[in-house]
Each structure stands twice: as structure tokens, then as C-alpha cells.
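**Q** Line order of the protein sequences matches chains A, B, C and D.
Count along the first sequence from 1, add 774, and you get the number used in the numbering used here.
Count along the second sequence from 1, add 774, and you get the number used in the numbering used here.
Count along the third sequence from 1, add 774, and you get the number used in the numbering used here.
Count along the fourth sequence from 1, add 774, and you get the number used in the numbering used here.
Just so you know, these hints were derived from the structure itself, not from any lab.
The reader is advised that the hints may include incorrect statements.
One copy or two, either will do: identical chains are not told apart, so a pair holds if it fits within one copy or between any two.
Below, in silico cross-link-like pairs of lysine-lysine (BS3-like), each with a Cα-Cα straight-line distance of 27 Å or less [claimed, not checked]:
no.	residue 1	residue 2
1	1172	786
2	786	914
3	1036	1110
4	1101	786
5	786	888
6	921	1164
7	1140	786
8	786	1129
9	1195	1140
10	1195	1172
11	921	1036
12	1129	914
13	888	1172
14	1036	914
15	914	1164
16	1172	1129
Number of protein chains: 4
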Amino acid sequence: MCGIFAVFNARKAAELTVIGLHNMQHRAIEYAGIVSSDGYNLFSHRGEGIARQVFSSSAVLNRLHGHHALGHIRYSTVTDDPDLERAQPIEGSWYGEPFALAHNGNLTNYAQLKQRLDRPLRSSMDSECIVRLIERGSSKDLIEAVKGALVHLEGSYALCILFPERLLTIQDRSNNKPLSIGTIGDSYIVSSETCAIRSVGARFVRDVEPGEIVVIDRSGVRSVSFAQPRLRKCRFEGNYYSHPSSVTFGEPVDEYRMRLGKALEEHCPAAADIVTAVPDSSMFIAMGYAHSGRSGRYRPVIIRNHYVGRTFIAATQAKRDAEVSQKFNFTEHAIKGRRIVVVDDSIVRGTTLPKIVRQLRENGAKAVHVRIGSPPITYPCLYGINTPTKAELISANKSTSAICSDLGADSLQFLPLQVQKSLSAHPEHFCFACMDGNYWH
Amino acid sequence: MCGIFAVFNARKAAELTVIGLHNMQHRAIEYAGIVSSDGYNLFSHRGEGIARQVFSSSAVLNRLHGHHALGHIRYSTVTDDPDLERAQPIEGSWYGEPFALAHNGNLTNYAQLKQRLDRPLRSSMDSECIVRLIERGSSKDLIEAVKGALVHLEGSYALCILFPERLLTIQDRSNNKPLSIGTIGDSYIVSSETCAIRSVGARFVRDVEPGEIVVIDRSGVRSVSFAQPRLRKCRFEGNYYSHPSSVTFGEPVDEYRMRLGKALEEHCPAAADIVTAVPDSSMFIAMGYAHSGRSGRYRPVIIRNHYVGRTFIAATQAKRDAEVSQKFNFTEHAIKGRRIVVVDDSIVRGTTLPKIVRQLRENGAKAVHVRIGSPPITYPCLYGINTPTKAELISANKSTSAICSDLGADSLQFLPLQVQKSLSAHPEHFCFACMDGNYWH
Amino acid sequence: MCGIFAVFNARKAAELTVIGLHNMQHRAIEYAGIVSSDGYNLFSHRGEGIARQVFSSSAVLNRLHGHHALGHIRYSTVTDDPDLERAQPIEGSWYGEPFALAHNGNLTNYAQLKQRLDRPLRSSMDSECIVRLIERGSSKDLIEAVKGALVHLEGSYALCILFPERLLTIQDRSNNKPLSIGTIGDSYIVSSETCAIRSVGARFVRDVEPGEIVVIDRSGVRSVSFAQPRLRKCRFEGNYYSHPSSVTFGEPVDEYRMRLGKALEEHCPAAADIVTAVPDSSMFIAMGYAHSGRSGRYRPVIIRNHYVGRTFIAATQAKRDAEVSQKFNFTEHAIKGRRIVVVDDSIVRGTTLPKIVRQLRENGAKAVHVRIGSPPITYPCLYGINTPTKAELISANKSTSAICSDLGADSLQFLPLQVQKSLSAHPEHFCFACMDGNYWH
Amino acid sequence: MCGIFAVFNARKAAELTVIGLHNMQHRAIEYAGIVSSDGYNLFSHRGEGIARQVFSSSAVLNRLHGHHALGHIRYSTVTDDPDLERAQPIEGSWYGEPFALAHNGNLTNYAQLKQRLDRPLRSSMDSECIVRLIERGSSKDLIEAVKGALVHLEGSYALCILFPERLLTIQDRSNNKPLSIGTIGDSYIVSSETCAIRSVGARFVRDVEPGEIVVIDRSGVRSVSFAQPRLRKCRFEGNYYSHPSSVTFGEPVDEYRMRLGKALEEHCPAAADIVTAVPDSSMFIAMGYAHSGRSGRYRPVIIRNHYVGRTFIAATQAKRDAEVSQKFNFTEHAIKGRRIVVVDDSIVRGTTLPKIVRQLRENGAKAVHVRIGSPPITYPCLYGINTPTKAELISANKSTSAICSDLGADSLQFLPLQVQKSLSAHPEHFCFACMDGNYWH
């Protein structure tokens, strides 16, 4: 997963970009980068870690001159080569004019693109191919050159490309990843999520349309169509990835999740006293699940610790399930003697839930029922979500009852696939490939 | 505020202590320290920051040898001298036997104690006086020497003192700060909060009693009384400080807060659509407030960002209310056109709530009603909570309506003092000094 | 001052470049940077500090792929803007082909060049103008484009420019800064000093000629002339800047300094017992001065401390002359009761020698005679040596006897200007501008 | 090897101690520590690295309060346990009075001492035994208690012990390690070397005598004898360890080394053009060797690089003999075609000299003659110098001609043992154990 945030024509553009990236940090935490423009030159800084760390020093921010900026946050993938560049935006040069590109998505024809380019790449990112294709473009018209590059791409790509005095925003025909435009005064914002547009005080205007290039420059906004839409919006943006305060693909995320939770309870009720979530992504699903009161009432008994980070390895060797213990507090007095429904958004590898179930039992739960706010994930995602291989997807390899036994739960139920689909008015406009294997390109 | 966590007779005692401190990190985040014992020598490490950072390296943990350990987390106070030691445990020597002391609370007669000691101290902490008094004890019997030191102390002190083969745990007669004992196998745990006892897999046994010294050694546990109880339990442990999963002073904290929220709504209802909390401390109060449904339904529309930290200064100069923007996301689509009750646990300086109210309005709230889960704080705390001086306490200087106007809210109501008191079966056993000025010593 | 080191067609080109820069670290210690090439892409890393620190991590070196590399070390100048880029090589793009440029020297027409370019620069370095001029070159022939840029430059410039598969090495017509070529196997080395060529095991081949562009590619070496020579070799390379193990402008540096020392003694003898140097740059001058034995014998009584660095500020506030005390040990038993000649290479601001003279006296010297291996520096350098303004040049403002009195020395003598000139076979081929004010362009 | 530096009764005592340690940094670079006293409390800081790094921050220095301070620098030994404390001074408590001890030397009966103490130690340093023995002392008179501890010690120990208002300085009966006293105003300095006394502006007064305890307090200096002298002064202090500007065991070190060099040339001349040193320790030996002119004239052709450090590992994998290349520059134009005598102070493992000889040959030397300023080292040192085991001492395992062949030299000669001994007026007062195996205790 990645996040894109761009600012055009605003004072302190780089600082605003840091705030925007920070408010999408749930999307990716491994790399962060910003390229800014003073109208002539590009200035860049990229690094490992979350945005507020990579851009914590005034010295770094002060060097990101100019009124335009493009930022990116990124998860690395298993195939990343540690000796090659792994952070975006990626810089290039088009007829001597520098540019920088940020990509959310994944190209399914990376191998062919590399062959077409016929030279080593600087990075291990498929996104670099787009930069190199634009650099090679034979047209002297920028939009034509970009369209000439896009024609070779398959898969999923929401893009922002910053030139010294132009910002291009591109949504592929599938609309697989969200990409929205906002404004504040004379400034434009482009963002993967609407919550980040709000975070800098701007107003959401509209989503970038499938197959559309939006060109933003000093004279305003211009729209160019480059492909016929064939919608395949990622259903997991609503189920899991997007922030609950965002409106993704036109849908308020928290409300969608509460609806999802209600549907889950209708199809998979439980005889329980308390409904609780694996914090925080499942909170609204759990609240929806508890809404009718039939399967228990909502009460947070697993409470997330705010001081968890990545450097806590040493101390935790002393304790089994240490990563769960350091991440969550369990409210023993509320759990003891009670039947608990624990709601999670999905099961991927299935490594965390067994520890949570065990902790609930150690705290005296009389019964533990697990309810999952999505169908079983049985196929790897090819479109930019870093799911593991099929061999590591537990639902691709085990039955629900076998997984339930692995979890140590009294019962386990997944949201049925047809119910998942029925939650969207036009399910054919969404991608469910990780659930049903219907890949596209 | 501080937190104490001690382990006696367990493998990897220091590692368990890190986990315990980590699970009380909400109590204090500025300093962390651990002293361990191998039965002969004490080994120590202290540093600035949260426990998982101060103890992130295996090299540091590997040097904390032995099966006993005593840890401490601490907030600095304004009077701290940066050139003096500011982290605990504090080490001393009693007839050649090294020891280390951890203190939660505040001594109200620090000035007299310094005069009595008549020599410069190594630190700027009142707690050092206790160490120096024990060192000077004329008795050759340890318990007598410790009692001889305690007799000079006024104010609030929950203590743990680690000797090479003994752990002393002391609760003052007021029981102002919580201190509990747990066990796991043959090991003993002492902790400021029960949630931390659970976090290392141990079971809560009992609280240390007011006026009691508990002596733990290889032969077991022994209790010594040194003072008649005169209870003054801190009411803010329940209202705010303790973790919701803890049982503090015998009371489950989350349940107390839900009761408090219900009472708040009964006495201070609002004509609203949505009840939301300032995350996370007020969540259970808000859930209690929303319970009846009369004043709106519970919906989290202010969502805490997990990636906030202290190094984010540079970027946020670009935006007004930046610290609120970086800390919270506001769910615009849920706020717009709605009447919102925002519930907070208390108002101290009154600097954050105006920004939250302003953000709610900028997101389109039709009305904003503020409800506070405690009476106005009008007196500084003398017992170890780092509240500001009277001049900075907004409720000590302004009327509720003036504060409401500062907040920019449509209405503001505090939990009435008599309701606050009525929530406890024996209000005379609690300290309400910050609300009513009834100081004690 | 700066240093350039480039490697063409060698395994581990970037690592060799670090070694080369490290062996010229005496030329500049504030910034270091390397750009490497794999034949298609350029990879870069730049940072503050000395080369071995900036390139201390394997991760950084592993990302500098390819068999060609260009490195640069640099002193910042007072006019450097801390918010702009200050490290080289500087990257550019010529018809889509990336390149990187390293510059030793100073352009005397920087203001006009900026006006000509008519746009903001990314850095505060005059060298960036050369990059931008090349980028704008209208010719499609690279050498013509570079020549088209050079025609606008005035002042001093020894350059290396790395393209993916070509290395250009350029010496201006003045030959003011040294630039030499070496080989090892099939690989080429370009270096500011010959000592660095040796340090990677390569053999010196020849200097780049004044007005020459040397083009190195896979097919070999090609020479292009772009200007008539008008030699102005910097005399201070021999007197001070170059490493004693280098052969600069065809002259072995240590031998030149011994000759200089002998001449100094002939014209400025002293009645003394011991001749010592301000380490280390003046060692060979002092050895030459002591050669005849007439003015005392050579004995090091000021001994440099190897553990000095830049982070030693805090401790030294306790002592007057602390920076001299931390940098040097004085051999009291050798100084006491003796008449000392202390030899230094030059006096610029005149701030260090008074402290050395004072230390010698405190160690019991009977007399202190100062002898300087260069004429008074009375004019600022315009050609890349970071001398101060005329107001700060002590010799521009005070007589020799006034300076002697400032130093607290018994006598002070400078190498006479005509003797300085007579040490070179063709003094008209050298620049003495800092001594006689004869500027050129 | 270690270094001790103490200050009694001076403003900024800790800062002066840093300067003193810095000026003995040639003795040890792995750990540095300081304990200061304000007359009541001790304040301490220890760390890994050289003194100016460990004490680079004002925050650290500002916490080392008081007018007395004791510092120590240390090399770790192979037997050091990384999980135990490895830096000095070591702190203890004598009847409730804290103290800190610094030790230079090595106890030959460490195993017995540990057995006698019959409890685990906090550190892996033999020196801790002295602290623990003093803590256990039954006498209430401090000097008696210290003498009671010393009686158990065998081997080599120069000690400083800081109490809140007393500084004890102790030289064992062998006088194996140097320890000197200086004064400045009303302040006292104790130092392993006289060069460090000078470095803080103080004057050398006298050495601590063998078998003497010097007690420094506010009333002045008092001397107590605790053992009959039996002198075994370390001969390698003069040959190698001490700074050339020091006067060690009453002997100016640089003059001793020049005498040594002359004797070496008399007994081991060479038919050569140039005499050069392996910098810097052998410089004065080489100057002495060249004095007569019979075996070549002195000329530095191996020049030490000032920017070498420990973090340079990554880059140097590209080159054979890289550690020599990064550490030294070789003056090719002076070496080519010449016969070179290279003088070193000793051969221990014999790993560096082969690389130097090889470099000299690669730079064109016609012949390379190696002359060593000490006899073959054939026995490990038991008295605190970190020499390797006998198996690693090359001279203990190979003949001179075999070593010469390993070096790749044309000839190799060691200073004969009887000449080494004849350089001291009373050779029986020196320890030559590493050369002749005559151990003592």
C-alpha cells in the first residue's frame, strides 16, 4: 500500500505535504519522500520511516523550497532489493525538464516493461518504468508523451507527476486506488484519501475519474481523458485500508463499516455477552455488529497501547505472546466469566488472532467467538496490496473449522462472499480478486 | 505522575520490568529507569524517554543481571534542575548494603527535609530525601531504619525499595497513590496499576494497605504496620490517570468511568445527535454519557492518530491548530450538520478544547456542547500530579460561562462536585483537594 | 579548497573513490559526495563531514552501483546558504542523459553567470552555473555543448564531469588548480593530487594540460583543446595545500618545502638552539630551515594529538588557549631554557600563533623566534581558497613588527616575496595574487 | 593499558579531567569515565570511546558537579564480558561513604581474590576486587582499611581513590606503572603521565613513590608508606607507551628514544639512503638512528593520515593492505630507487610491517631494511599491557630470519637485549619480562 499527497501553489507546500502524509500514515510506514518545486528546480528528500520522522528536522524542510510539493509513503515489498532505491517520488527528466512521480498501485506487466526498456533500472520499483517510459517519449507535447507511456501499462496506477510548474494527476481506467482533489484558497491538493485533504484545512472537490489525466497549473485545472473506464475499485479500501474518517469511492468509510458489521451480525450471530474489536481498524465493524444487541453489547476490552513501536524487540523475549502483550491491554475484570465476540476485519496469515484468543481465555473468558468482517482471503492481490503468497494465506490452505481450531476459538465465521458483494450497489465495479480470484488487467 | 513496577525472584526480571513499565506508560513518559539485583550487586540503567526506548538495546538489558528488578517511570516537574539527576530508582547504601528506591507521590515537607539533611542532594527530586534519611538511620535493623526515615515524611508516598535480597513495598497512611501486589509462580510483582501485573501474565493478589510495609524475600512475604490509616485516595486515578483495564483502589476503572458518564448525562444532558470523546481517556465516560440515548448516540468522530510523537515540530508551523490536526482526524461527513456533544475528562489549562471545538465547527457541526467528566479544577495538586499553578488553572480564574465562551462552545457543563463525591461509597476516603482545596498532610 | 577524485571502469569504483577522497582529506573536510554510474543510471550520495564518515555504511556504498564514480570533498564558504544544497558533485541532465559535475576552483564572474541564467539556482555554489550552462547547450554534440559552456567562465576551474559512459576532465587555461590522470590495469583515475592516485594502487600518468578537455570512455582517452594556456598555477599548493607526498605541478612537494625552508633560513636566520614546526604542514619547511645547523637543530617539541576532533567544545571552556592545548602537547623538558625557532607556513588571521608562542614561554623557552615560510598574505584569494576578507588578513593591516608584538615573539620574519618567486623556475607561470595583488581572469 | 587523571580542589574539575584524559589518549581509547565530588556526593559518567566523545556534551559535564574529579581511560581485554561493566572508575561504599577507584596495572592473583570475595562481581575487571576488599575492611580508619585491602594484592597497581573530600593515590612496591603529582594554585593533579599535568597548565611536583599512599585533602598532602619498594618499572613505557613529551620514571621520553635509536644504529647499522619511521611512535627512535648519518639520512616518507578512525571498514574492502593505505601516505618520489631503513618500536603479532614493506616496494624502494627499537617480544605481559598469548607473539614462534622473510624485507635486526638493558642506569629496577620471561609478583 502507498499514499500520495500533493500541494500546488501554496506557501509552505512541503510542510503541508508532511501533514497530509502523516494523516495517511495508516496506509504505509516504511518509506516517506517529498519532492518540491520552486517553479524552476526540484528539491527532494526521501528516507526510511514514517513521515514525521523522515521530515522532523527544520533543516530538511527548509531545503524543500517552493510552492508545489509531491509526497509519497510506501510499504516495501518482499522483492525489494535493499541495495536499490526504494522510496518515492522517483525523479526523471523530460527534454531537460525535471519531474517527479508518485505511484499508488501495482503494474501487472512489470516484467514486459523492463524488457521493453532494455536497460537496468535504478530502483526495484515497478513505478520506475513509468518514469523511464515518459523520459523516452518521442512527442514534444507533454500530455502526448505521458499518454504514450500510459498505453503500455497494465494493472493498477493512481499517479501524481510534478513538473516545475505543472502537476499531473492520473487515475487508471480501473479506479482501483482512490485519488481525490481538494482546494484551499488558490491552492490545489491531491490526495489518496479525503481525510488528509481535511487535515490541511482544505475542502474535498471531487475524485479523479477513471481514465482521466487532470493537469493543474497556474492557469487552473484541465481534464484529459486517456482511456475508457472499466471499474475495479478495491473493496478492501472500505473494509480495511482507508481511514474511517475518509470518504473513499464516494462512500463514508465509518458508515460502510457499521453497515458491514450489521450485516455480519445478521448472517453470523453469536450467543455472547460482549462484542469487542481488535483495535483499531475493526472498531466500527464491531460497533455495527453490536448494534442490535442480539449478540452482546459493545464494550472495548482489548485496549491499544499508544507507546508501541518497532524497537521493542529485546525486552519481549521474556514472554510468550509478547507482541500482543505489548500492543494491547486486556480488561480482565470485564472479560472474566463472559462470552466474548471478538471482531476482526480479515484473516490473512492468521498469526495474531490465536494470541488474542489465548489472552482472552487467560483473562477468564467463558467463550470466545471470532467474527471476521470479510470473506476468506484466498488469492494474493496483484494490484498493490502487500498480501503474502498463496502458500501463506491461511484461508487458501485450510477450512474454516481448521482455522477455528488453530485460533482456539469456540466459533469462527467469515462474512459470506455474496453478503460482501451485496453491500455495494454495483458490485461489478469493485475488485474482489483476493476473495474470488477474478483477476483483471 | 509516576509508575512503579518491581519483580522479585523471576528469570529475566529486568525484561519483565520493561514490559510492566511499558504497560503503564500512560502514567509518565519522560524518564525511565531500572535497577536489578543478582543477590549481591545492584545493576542500573536510567534514561530519558519511554521505557521501550530507554531499554531498547539487548546490550543494556543484558547488563541488568539477576532475578530481582525495580523500575520507575517519571514525569519531570517544572522545578527540576536539568544539571541534576532526574530519573529513578535512586541508589543509596545502608551499612555497605546497596539499595535502590522508587517513589510515586510527593512530599509536602521537602524544604524541611532538605534542611534536616543539611547537605547538597545529588538530584532535584524530593524522593532523594527518603534515600538519604535511610542511609543515616542509626538502627542496625533495616525495618527500624526505614520506619525511622518514614516518620519524617509528610505528603504522599507509595514506595518500593530493592535491596540485594529483599524488596520493601510501602504505602503511606493516605493511600493516595495505588500500589498492588501480584504473583506468578514463585515470583512476586509490585505495581502501581493492576493492568501491568496482568501484562506480564501474573495474577493480582492484593493492594498494599495504608500504613503498611510489605517485606518480600526468599522466605516469603511479611507485613509490618508503621502508621494508622487516614485515607485520602486520589479521585483522579479513576477519573483520568489509571488505565481503563486496571482495578484501582478496588474499583474497575472502565466501569467507574461509564457510571461517571451516566451521572454526567443525568445532571448535564444536551440536545444533541452525536456523543463523542476526546480520545482516548474520555472514551468510557462518553460511552456512559451516551448510554440512555437521550443526549445523542455514541459515535467516534474524533479519531486519534497512532503515529504522533514529539519530533513533529518543524512541519506543523504551516498550520493553525496543528498539534490538534496532527493528533486527531475529524470525520467531516459525520459531523456536518449535526449537534455534537464532546466529552472530556477534565479542563486544566483549557488550551486544547478550544482547538477541538473550532475543528468541529470547521467540519460543519451545527452545535457543539462540551461536557466535562469532573468538577472544575481550582487548586493545584500537592501530592504528585503535575498540575500547573493556580494562575494557570483556568477554572480557578474564570467562570464556567467565560470558559464556555473561550472554548467557542454552545454550552459547557462540569460534573457537579456533589455528584462527583456521590459516585464513591465513602467520599471521605478520597482526596478532592484539586476541586475543593481541602489539603491534608 | 576542494578535492576531486574519479574512477572510470573499475570494480568497486565507489569504494576506490572513498579511499581517494580520504587521502586528500587535508584539502577539505566539510562535505563529501560521490556519484556513480552503471553505464545507464547515476547513483548519488552526499553528506556533511569527512569522506570516511559520509560513506561509512555498507548500505550507502552498496547503492552506489557501477564501474564509474566521481567524488568531491569541499569546504563551505561564508556565503553558503544553509538552506540550499552545498555538496558536490552537482547533477544535471543533457538531452535526457544524466550527468554529474565536480569543480575545484572559483568562478570570478559568478554574478554575471547568474544573470545570464536568469532563474533561481538549487544551490549556493558557483559551480552550479556550469551545470546549468551545459544543460542549456544548443549543440547536440556533447563536446561542443561543454565548450559552449566553458566559454562563459572566468576564474579558476578544474572539472570532472561524469556521464553514464563517459568521463570528461577539464583544466582551465590558468592551470590554477592541480588535476592529474593515473591508470591501474584498464581503469582510469583522475585526481586533484597524485598522492590519492597512489593510495588506490594506481600509477600517475600525466597532468591534465591547461585549456584541455580529456574525454575518457570505453574506447580510451581522447584530448580536445579549448583554450590557449595562460598559466597561473597556485603557489600555495606547494607552500601549504598539497600533501607532502604529492607531486604537484610536476614538483615533489616535500622537496619543494625543504628547499623553501633552506631559503628561509638563508634569508632569515636566527640565533637559536632548536628549530620546531607547527605540525604538520610546516614539518618539511622546518627540516629545511634546520638543515645547515646554523640556526639550531631540528627537534619536534610541539606534538600533535591524534584524537582531536570537532566535538570537544564543552570541556575546553575550563582553560585559556584550550584549542591549542587539546591539539598539541609541548615537550617542556626540551623547551625549558632553550631558544626556539618555530616555523609556520603562513600567517592568515594570526590567531593561532600567539597561543603557541605563549605556550612555549609557559614551558620555559628562553627566546621564541617565529619564521614564516611565505611572504605576508595581504590580498584575499579569488580563485577558490577560502581566505578571509582583507579586513581580517592581519598582514594587510599591520606591520611585521606590530604582528611580532601581537605574537609575543622575540622576532618574526617572513619569506621575502622575491625569494618566494625565485624558488620557481618560471615565476610568471604562478599566481601570487594573495601576496602581491596581481589578480587575473 | 590505562590512564588515570585526577583533580582535587579546582573549579571545573571534571572539565580539566577531560582535558587530562584527552592528552593521554595514546594510552587507551576504548572506554572513558569520570567520577566527580561536590564534597558530599559522587557524580559519575562512563562510556565507550575516547574521552572527548564520551564527554562531548555540556549536559553530561554539567552533571559532574564539584571541585574534585577522578578520570580513567581503558583498553578492554579479551577476557572482558560484554554484559558486565567494563569502564572505570569503579564505585563503592565504605561505611556509607561513597568512593570511586581507578586502576592502572593488572593483578596477577585475580583468581584467588575472586575466591576470597566469594560472591559475584559486577564487572569483569580485576580492579573491582580492590573496591570490594576495601568495602569489607573491618577497620574504621580509612587508611588502615585501604592498607588491609592492598596486602592481598599481587601484580601491578597504580591507583587513585576518590572519597567525597579525600583523594588517595597509591603506587605499588614495583612502581611498574608511572603515577605523578602536580599542582596548580591550590589544586592538586594526579596523572599517569606528566604530559597531561602540563596540558592543564599545572606543574609537575614528583612521582608517587613505590609502596606509598599519598592522601590529599583540604588540609594538604600526607604520605603513608605501606610496603618496601622492589622496583620493576615497565621498560616499554619508555620504548613505546609514554608520550614523547612526558618525563616517565624521571626520564624524558623523547631523549630516551633518541638515545635508543643511536644505540640501535651502532649495533645494527644498514647500508641505506633514507631512514624513516612507522609513524608516530617510532619517530624519535628513527631520528636517533639517523643521527650519525652512516646508515642514511632521516626523511619521513611514510606520512600518517589525520582523518583515520574506526568507521572506515566498508570502503576498504576494495583494496589489499587497505588499513595501511588509509592510515599512511607513501611518498613515492622519495622512495623510488632508494634503499630505505624503516624503524619501528617493536614487533608483536607482526601483521602490519609486512604491509608497510610491501607498500615501500610497490613505491619503488631498491632495498628495505627493518630495524626494531626493542628486543624480540617473546613472553606475554602479566602486568596490564594487552599483549597477545605466546602463540600469537611472532618472536616467540619464529626466528629473526623467518620473520624477515615474512616481512619481505632485505634485512631485519632487533635491538639486542643486553643493549636494551644497558640503556638504563639500573636495569635491575626495570621489568623486561616480555623480553626475557623473568616474571615477578
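**Q** Determine which of the earlier numbered hints do not hold for this structure and return their numbers in increasing order.
**A** Hints 1, 2, 6, 7, 9, 11, 12, 13, 14, 15 contradicted; others consistent.
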